[in-house]
Structure formats: structure tokens, C-alpha cells
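Asks: Residue numbers (the numbering used here), protein chains in the order written: chain A, 1 to 166; chain B, 1001 to 1432; chain C, 2001 to 2541.
One should not assume that every hint holds.
To be verified - With a Cα cut of at most 25 angstroms, we get these calculated PhoX-like pairs of lysine-lysine:
#	chain 1	residue 1	chain 2	residue 2
1	C	K2081	C	K2115
2	C	K2406	C	K2245
3	B	K1337	C	K2406
4	B	K1337	C	K2084
5	C	K2041	C	K2081
6	B	K1091	A	K88
7	C	K2406	C	K2284
8	C	K2115	C	K2057
9	B	K1337	C	K2245
10	B	K1337	A	K145
11	C	K2458	B	K1337
12	C	K2084	C	K2134
By construction, these hints were calculated from the structure, which means they are not laboratory data.
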Amino acid sequence: MSQAATQAIIARFPKAVVSSHDWRGDDTVVLHREQLVEVARFLKHDDAMRFDLPIDVCGVDYLGWREPRFEVVYHLMSLKKRARIRLKVQLHEADLHVPTLTHVWKGVDWFEREAFDMYGIIFDGHPDLRRILTYPEFEGHALRKDYPQRGYQPLMPMPTLSSDLE
Amino acid sequence: MATHVSRPTHGHDGHGHGHDAEWAKRPSPGKGNLHPQAPADDHMHAEYYTINMGPSHPATHGTVRFELTLDGETVVEIDPHIGYLHRGFEKMSEVCTYGQVLPYTDRLNYVSPLCNNVGWSMTIEKALGIDTPDRCKYIRMIACELSRISDHLTSISAGALELGGFTPFLYGIQAREIVWDRIEELTGARLTTSYTRVGGLNHDIPAGWEEAIENSRKEIQHLVDDVDKLLTRNRIFYDRMAGVGAISQADAIDLGFTGPCLRSTGVDYDVRTYAPYLLYDRVEFDVPVGTSGDNYDRYLVRLEEMRQSWRIIAQCFAQMEPGPISVGDWSVVLPPKDAVYNSIEGMIAHFKLIMEGVRVPSGEVYGYIEGGNGEVGYYVVSDGSGRPWRVKVRPPCFAIMQGLRLMTRGALLADIIPTFDTINMIGGEIDR
Amino acid sequence: MPTLKIDGREVTVERGTTILEAARQVGVDIPTFCYHPGLTKPANCRMCLVDTNKAPKPTPACYAECMDDMEVSTQSPEIVKTRKAVLEFILLNHPVDCPICDQAGECVLQDHYFKYSASPSRLAHKKVHKPKVKRLGPDVVLDAERCILCTRCIRFCDEVAGETQLEIVNRGEHSEITTFPGKELDNPYAGNTVDICPVGALTSVDFRFRTRVWMLQSADSVCPECSRGCKTRTDTFENVPRRTKPLHNPRVNDWWICDEGRLAYKDYQEVARMEGPAAQVEGKRRIVTNVEAIEAAAAELGAVANRQKIGVVVTPWFTNEDAWLVAQLLKGPLAGARIFMGGRASGTADAILRQADKNPNRRGVEAVFGAFGLQAQPLAQFDGAGLEAVLVFGDNHAIGEAQMAKLEAVPKRVVVSAFQTPFWKMATTFLPARTHFEKVGTFTNFDGIVQRMDQATKAASSCKSDGYYAMKLGEAMGDTAHFGRPEDVFEQLRATVPGFAGMTWAALLPHGMKLGETVEVTAAPAAPEPVASPAAAPTEV
Chain A
1 MSQAATQAII
11 ARFPKAVVSS
21 HDWRGDDTVV
31 LHREQLVEVA
41 RFLKHDDAMR
51 FDLPIDVCGV
61 DYLGWREPRF
71 EVVYHLMSLK
81 KRARIRLKVQ
91 LHEADLHVPT
101 LTHVWKGVDW
111 FEREAFDMYG
121 IIFDGHPDLR
131 RILTYPEFEG
141 HALRKDYPQR
151 GYQPLMPMPT
161 LSSDLE
Chain B
1001 MATHVSRPTH
1011 GHDGHGHGHD
1021 AEWAKRPSPG
1031 KGNLHPQAPA
1041 DDHMHAEYYT
1051 INMGPSHPAT
1061 HGTVRFELTL
1071 DGETVVEIDP
1081 HIGYLHRGFE
1091 KMSEVCTYGQ
1101 VLPYTDRLNY
1111 VSPLCNNVGW
1121 SMTIEKALGI
1131 DTPDRCKYIR
1141 MIACELSRIS
1151 DHLTSISAGA
1161 LELGGFTPFL
1171 YGIQAREIVW
1181 DRIEELTGAR
1191 LTTSYTRVGG
1201 LNHDIPAGWE
1211 EAIENSRKEI
1221 QHLVDDVDKL
1231 LTRNRIFYDR
1241 MAGVGAISQA
1251 DAIDLGFTGP
1261 CLRSTGVDYD
1271 VRTYAPYLLY
1281 DRVEFDVPVG
1291 TSGDNYDRYL
1301 VRLEEMRQSW
1311 RIIAQCFAQM
1321 EPGPISVGDW
1331 SVVLPPKDAV
1341 YNSIEGMIAH
1351 FKLIMEGVRV
1361 PSGEVYGYIE
1371 GGNGEVGYYV
1381 VSDGSGRPWR
1391 VKVRPPCFAI
1401 MQGLRLMTRG
1411 ALLADIIPTF
1421 DTINMIGGEI
1431 DR
Chain C
2001 MPTLKIDGRE
2011 VTVERGTTIL
2021 EAARQVGVDI
2031 PTFCYHPGLT
2041 KPANCRMCLV
2051 DTNKAPKPTP
2061 ACYAECMDDM
2071 EVSTQSPEIV
2081 KTRKAVLEFI
2091 LLNHPVDCPI
2101 CDQAGECVLQ
2111 DHYFKYSASP
2121 SRLAHKKVHK
2131 PKVKRLGPDV
2141 VLDAERCILC
2151 TRCIRFCDEV
2161 AGETQLEIVN
2171 RGEHSEITTF
2181 PGKELDNPYA
2191 GNTVDICPVG
2201 ALTSVDFRFR
2211 TRVWMLQSAD
2221 SVCPECSRGC
2231 KTRTDTFENV
2241 PRRTKPLHNP
2251 RVNDWWICDE
2261 GRLAYKDYQE
2271 VARMEGPAAQ
2281 VEGKRRIVTN
2291 VEAIEAAAAE
2301 LGAVANRQKI
2311 GVVVTPWFTN
2321 EDAWLVAQLL
2331 KGPLAGARIF
2341 MGGRASGTAD
2351 AILRQADKNP
2361 NRRGVEAVFG
2371 AFGLQAQPLA
2381 QFDGAGLEAV
2391 LVFGDNHAIG
2401 EAQMAKLEAV
2411 PKRVVVSAFQ
2421 TPFWKMATTF
2431 LPARTHFEKV
2441 GTFTNFDGIV
2451 QRMDQATKAA
2461 SSCKSDGYYA
2471 MKLGEAMGDT
2481 AHFGRPEDVF
2491 EQLRATVPGF
2501 AGMTWAALLP
2511 HGMKLGETVE
2521 VTAAPAAPEP
2531 VASPAAAPTE
2541 V
């Protein structure tokens, strides 16, 4: 059912869709943040959709490539229709809020926590938005493009620069 | 096709529960809320207390810590803390070429590294829009199935060990050693295989390997049958597994379960049949499913899947024909060494592939295969250069570990151990 | 104004535009070897062949002019095949040298082969061998086997450097580049032939086998060796500059740079770097902390109540921002001090790039000082009589021994400099400075073009720019203005110095702005900063 879910979303929520594509066969719909929950509920509960299996949620940082800087990417699957779809929500750096989908699929819980941990994206309404892979004292968000490849954390011993002071 | 795994007729109800309502009522974030007060009218309750299990507990292999709130011996709340093995796979991938990422994928699910290798290569091939030769696909399938066998053997034997069954553990590990010997012959390494390449394989199967596999199959089948006999109808094992850590089908789907854990609840979702990749549509095999989604079903499903894997391997060898194992395009796969050392064309192609990597067109793909534990997915964003812009791994046990709360709440402390075993969390994969 | 279609994209261009230029306008990539926008077009490499409806055979895009109703195809099967054939032909006798070739990693031949061919060799015979290490001139070595005979170097010498020194001899596969008998490739711009060589045939003696190019980190710079201020790229490895490459700036240097400027980075590695602040402690000069040294300097200068008894030696090596901060010191706390303009002595000039004034920013410093009514005498007129303290910025002043003796005769001597020079020796208080490689700032060239440069190497934390010390000295003497970044100083500069008003920090990239020029505020009011390195933290002055 290539493109069927995309077409259904466009038909049902014409204002919700920013853009869509199916590069290499991956159906992708970019949504406005405001309609995300609505579309998610539709995708899960509508009989023609039944995207019941939450596969993945992750953030992407496009710093220095394109605006808006952040994206939250959802991968969903329908066991009944054997179909997959990718939803994306674009976020500006100044406003990193996106509604949680934990009340639609319980399984996005940890995935959203990870996106929060790695990118600082706030999932509004998430029941338990804590860091998951790093620790509470971690400063910054490790997968952001402006976090250095070799970053140092307050709880890590700092290398000393012998040339700092004569 | 899906077949139900058969359970012995004796048995009794366990204490695992899973309800939507309970999920909704779980404590909200913050440490303070993890200590709910005992009901005032219940005089039998002692005060709840909190203990740490792990991160270096013998049963928390893979390094994980459970923050447990206990009412006596009953688990009131469990909060798994992961991330102890977090080594920045996704961050590192952003500065590596697509080829350099491959060795890192070995270390994701380190019990079935070949599945990760195959998944990664297939994802990049999907982004490139290329197709590999049939022989490459058959070898990849054999590699995947061997990996799956070693994955399931690990899960089953370690589970038996932690319930006190040392003999089945030794049998299982002996079988796994044989699998790894064959994998070593194929790839040169037991765990850090790095066998596939974008666009093909590193090398063809060694001479006489098919025979070695056939001999190993008999040996391993024998050992697995022994494990089966020792465990499946063993009263102690059965009592510790059956009805414990059960999860409903609806919950499992809603939590994003995949692999044996989902199939144990009766859903026949297997990437190999739902979206046949490689040449899985040319081989016959059954997808074993359970009924109750408890530990025992997960054990049975894994046991049966190993047998199905051998079926697949046998068919692959039967169908496989001699031929190339890689696409011939030098802008994707490394030229043969003879061409590299003796012609400038091969030299340049080698240099560019090693130094700058294969150029993947700008775009995003999600590639997925059936790993040992469920759906292993790679979401890759490419900016058109030789290095990925973003790599996201979808580790199957990440989603399944979320369910540990539902599966063990209300159970006994000791039930966490078999449940955690059959979930088969792999530290390298969940923490990345 | 012919209108044509390139790969289906319609474009209207000026009469006389080549297909290649038109294609680049619409973003269609046509591979080239011999074409260089700054040179004439011989169309001899055949890499840019395209199909048109105006000719039965493939046409060289770099040479053919656009015509009305032309339909150009750069991706037709014919052309794809043609390119493969051209590459196969070029690579036929190419040695298997990538592992030992300095060009590997930035080689156009590698790029084009990998992108447009990636096919195996079909050569059944032995390759033709030619001279491998042939010294063409003081800084250029030829490897004739690697040469693809694009003739860029020959054309550069003829057309830009104005000295005919190179030629092709022999015929067919035995053709090779060489110098005319009795001549050397020794013109003052010879190094550019290495830059424009698309392969590793011409390599620089200076850079040969020093660093693999993929290990280099690059930063945009401005060459400070004369008042031309060529736009350059400084390539560093392990925080040490390894080479200088010219960048394209049509307002200043086109694509070129002189060899003096190219090799000047080495001069800074030959002198001992002084990174320790020093001050008088119990009558002896000792290494102290930065803060203590600044306090000591402020005390020495502040003790001279009659500011006219203070001499300040400024230098045309200040960035505009440094100059502005120094000007604040000179019109504020040190108002009345006598100002002397130092700098290097004049040198060779020619009609191509080189200017006689061997200092990068004389025009900028004069503009800034002029705006505040500060008059500077030449350092040559320095007469120490009556001075009680002297504050010297910089250490490359052309100064005679007599003059130096007069400086040393001044009782209190505060020196801001980077290297071990006589100025460092004479200092009573020494403040370690940064070199231009370590600064972020702007230079104004002789023509009034203001260009930005980025930090190429990191300085030790004790080393600060001249402007920073001026600001800190001002602070210690009662001035309260404080700036964090060169951008902030530049904002003040725009507001106070005539000529800079119309500029913005962002608009100075990529080609700089001329004094008095105003940035055109079009659709995008604030031109977004191009994100070069996302990890770069704001640089301190």
C-alpha cells in the first residue's frame, strides 16, 4: 500500500501536512506540530490504517545544513496492513517542544526520553521525561552537532594543559 | 507460516500482570515518587523499601541497574537504568565513513554481530539504490541464521544457568562455541565479524565450509535436543518460567515489542515474512508463535526458531550457485587488491573509498532486518557526502526493556531474573 | 542575449558566455581539468565535452559560446561514455602514485575518476616512464609522469606572471612540461603553478612530504606580508601552520598570491615564541601571571602623571579592532601621550600583486586613529628625550641601532609582543601578544578593502591580542568599556570611524568591503553567518 497512508493523511488532514516524499520506498510525511497527536491517533485507530506498532522515535540535528534545525522522526508500522510510515515534525531551536505520543503508543516512552537526552527536545506531557542513556549531571545534549566529538563533562577528569601557565 | 509452539499440559498460573490501567497509574518522574506509601489499612504490609539490583549483579549481564521498590519480596515498582555501556555509537558514526561504521555495528548486539553487519550494509545499499548478487544474499542469510542460533543459544543457556541449571548452560555454550568456530572460519573473528561490505561481502565462504556446517548442525542439534530434554519438561524450570513475566498481546504491540518476545504473545510478526529481504521469500520456514507471552513461551519460541534457522541454512546451501559476491562497481566496493597495487584506476578507487567513503545520495532511509532479538533498524540521514549525517539504531531490546515494568510488577523479586533473561537485553545494543 | 537549455534548465546569458559558465550559473556541474577561470581556454583536456544540438560531435563546454535555441546535454549516454574514455586515456600512463603523492586527497583527477568513471584499466602494455623528480625552480618540483598536460602552469606563467618560462616538449605520449633551456621557474609567483596543477605533477618543495592533506585544518586568513592583503587559507596541522594557499577574491588578488606571502608563515616558526608575561619583581624581571603583568604595566604607565612623557609605539600590524581599542586607550587614560608609528620597511613592488608597503593594515590604523584625532609620527623620528615611559606594540619595527638605544634609554618600557626580539629583551614589563594567525579581526588593504580573517591556530592562554591589552590597561586606569569579541568591537568601529559605517561583520565575507561602501539591505536583512565550524566557541579578543 505504497503511499496509501500518505494519501489518507493528506486527504484527511490537508492542513497538517508540510510535505511528503517516498524516497527509496520509505513513505514520509512531514507534519505540523499542532496536528501531530491528531494524525497519530488517526493512524493508530482508523481501520484502514492500524499503525499499531511503534518502531522508533529519534531526533535529528540539521545544524549548518538546513532550517529548522531539529526534527523528530517517528517510524510506525501496521501489523495488519504490513505497511510502514515515517512521520516527521520540524522544530526550531528556540522552541523545542513537541507533544508526547506516550498516550497513543506506550512504546514511544523510552524513545522520547532518548530524544530528550540526546537533543534536548521536550516532549510535552511525557510522564517521565528523564535522561536515559546519560546521567542526570550530564551537561548539554550529546548528539547535537555543536556538542564536540570529544566533549568533557564536569564529572569526568579534565585533561590539564601544561602550556597554560608558565 | 506461523505455527504455535506446543506447551506441556501441566502448569499453573503465574503472577505476572499487565494492564493498561496499571501503566497509567505508575509513579510520575522523580526519585521521591518511587517510594509510594503502603496502604494505611493494610496492617500486614511492612514499609516499602528500595534496593538497587546491579549494575554489577551476576544476573544483570550487559550491565544494567534496577531500582526496585519492594513490598517484602514482591516487586511494587521497577525502574531500569540503562546507559552503562553507552559508548556513543551514533555520535562516532557521524565522523566515520559508511564503511568505517561497520565494525562499530559488531559491537551493538555482540551476540549476533552478523545480523547487525547485514542490516547496516543493506540500509546503505537501500540508500544507494543498488542490489547485491544472489550468492551474496544467500551467504548473508546463512550468516544471519547462524547469528540467530548463537543469539538464542546464549539467551536460553544463560537463562538456565541463572535458574540453577548449570548443565544445560554448558551444553548450550558448547553448541554456541561450535557456531562461533564456523563463524570464525567464515569471517576470521568470533564476535567482531565485520564481514559484510556495502555492496557485498568481504570474501566468499571458505572451502569445505558447507560440509563443516552440516557436521556442526548435527552436533548442535544434538546438544540443543539435550538442552530441550533437560529444560522443557523440567518441573523446576517450568515453574520458574511458566506464567512468569507474562505480557498481553495488546501490551506487547503497544510497547513496540518485536522478535521472539512479540511472537511469544501470538503475533506472527517476523520481518523475514512480513517484508522479505534478501531471498527469504525463496526459502520455506515456519514462524513459531506462543500463546501466553510468558517466559516459558519465549523460551519455546527461541528453541523452535533455532530449528527453523537450520532449515533455512540447508535451503540456502541447496539453492546457492557460484557467482560474484559483490556488485562490480568500484565506486561502491573496493577493487581487488591486484587492481589496487598494479593499476592507477584501482588505486584511486581504493583511495577514495577508504579516505572519503562511498557517496550516498542525499536523503534518508530506514533499513531493517530480523535480528536475533527482533527488528534491528538503522535510520540513516545522508547529506550526499561519504559520511552519514545521522545514524539512529533501533535496537529491539530497547523497546522490550520498557515492558519489564509491566512484566515484573507484582511478581516476586526472584522472577525478575528469568524475565530479564528471556527479554535478552544486550548492553551494547540498548546503550549503543 | 542568447537563451539556451542546459539539461532542461533554461538560462539566458550575456553574449560571449561559454556553455561551462552558463552551466555553473544554473548549478549544472561539468567536470574540467584544463579550464581555469583566471586563464585563457585551450580546451585541450576534453573533459568538459557536452552534447549540443548545434554540432554533430561533442563540444568542449569551456570554449564553446552559448547560442540561441541551444540545447545542451551533460548527462547523455554519449557524454557519459566520452568522459569515461577521456579519463581512461588520461590515466593510461599515470603512475600508481597516490600513496606517495602530495596531491592525493585534493586531486581533481581522483575526484573525476571516482565520480565519472570508476572503471578498471584495460592497459595491456607497460606504462611510459618520464622524469620523476625534476626541479623546475626554487620552490617547484615536477613529476612528469603524473602530468596530464593541461597546460595551466604554462598559461599562468605567460598570462599572469608575465614571464614565459614553461613549455611542452616532445610529442604524443612522450610530451612533457619543462622550462626553456637556461631558464628556471623562478618568477615571484611561481608557487601558484602548484596550486592550479589539477594533479600532483607540480609540488611545492616547501610542502612536499610534510603533511598529508586530509590531516590539515583550514582557516580563512589575510596575508599580512604587504598592504595588498591577499585572501588566503592557512592550513594547519597540530596547531602549526603548514602552508598558505590563496583564495579567490576578485577585489584583491583574484586567485593568486606571491611566493613571499606564500612562504612567510615559516618566518614565524624560526623565531622563539615568548608566551610568558613578565614584570619587575623585587628589582628583577620575573615570569608572572597575565593579570599581574597587566597590573604592573598599568602601574608603570599610570605613575607618569604627565602623559606627554609617555611614548606609545603603535604598529600597522594591528587589526582594525586592535587599532580601535588602542585608540580608546590613547584618547582616554593615556590622552596626550606621544604616538609613533612603527612597522616594517618598504620592499619590492610590482604591477601584479606586491605592494611596497610591507605592512598589512597601515590604511586601517590611520583611518581609525584619524577618526579620533590621533596623530602619529614615524618611529624613525623617535627621540627619547624627556620620556619617562614607553609602551611598545609589536616587534617587527624597522629601527636602527641608534633609535633602539634611545628606546632602551627610556626608564620604563612596557612591551606587547610575541617573539624573542630586542624589544622583548629591553622590556621592563612584557605582555605576550598573539600573531595574526591567532587573531580574529579585519585588515584594511592599501586600496581600502576591509577583509575578515579567522583564527588559524590557537594561542597559549597567556597570549592575548594587542587590543585586549589596550582594553585591560584602560580598565586598570579607569576606563570601563569592555568587549568580549572582535565582532562587538567592530560594531563600535562602524559607529565611530567614517568609512566603516556601511559595513556589517557578516557582509565582510567572502570578498570584503571597500571603505565607504554600504551593504545592500535586500530580502534578508541580516545575512546569516555561514556556519563553518559549529563547534567554534565565541573567540575572545
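Asks: Each hint: holds or not?
Replies: Going down the list of hints, with the structure as the test:
no.: 1; hint: K2081(C) <-> K2115(C); verdict: holds, 13 angstroms
no.: 2; hint: K2406(C) <-> K2245(C); verdict: violated, 41 angstroms
no.: 3; hint: K1337(B) <-> K2406(C); verdict: violated, 71 angstroms
no.: 4; hint: K1337(B) <-> K2084(C); verdict: holds, 22 angstroms
no.: 5; hint: K2041(C) <-> K2081(C); verdict: holds, 23 angstroms
no.: 6; hint: K1091(B) <-> K88(A); verdict: holds, 21 angstroms
no.: 7; hint: K2406(C) <-> K2284(C); verdict: holds, 22 angstroms
no.: 8; hint: K2115(C) <-> K2057(C); verdict: holds, 23 angstroms
no.: 9; hint: K1337(B) <-> K2245(C); verdict: violated, 35 angstroms
no.: 10; hint: K1337(B) <-> K145(A); verdict: violated, 37 angstroms
no.: 11; hint: K2458(C) <-> K1337(B); verdict: violated, 42 angstroms
no.: 12; hint: K2084(C) <-> K2134(C); verdict: violated, 30 angstroms
Taken one by one, the earlier hints fail for this structure at numbers 2, 3, 9, 10, 11, 12, listed in ascending order.
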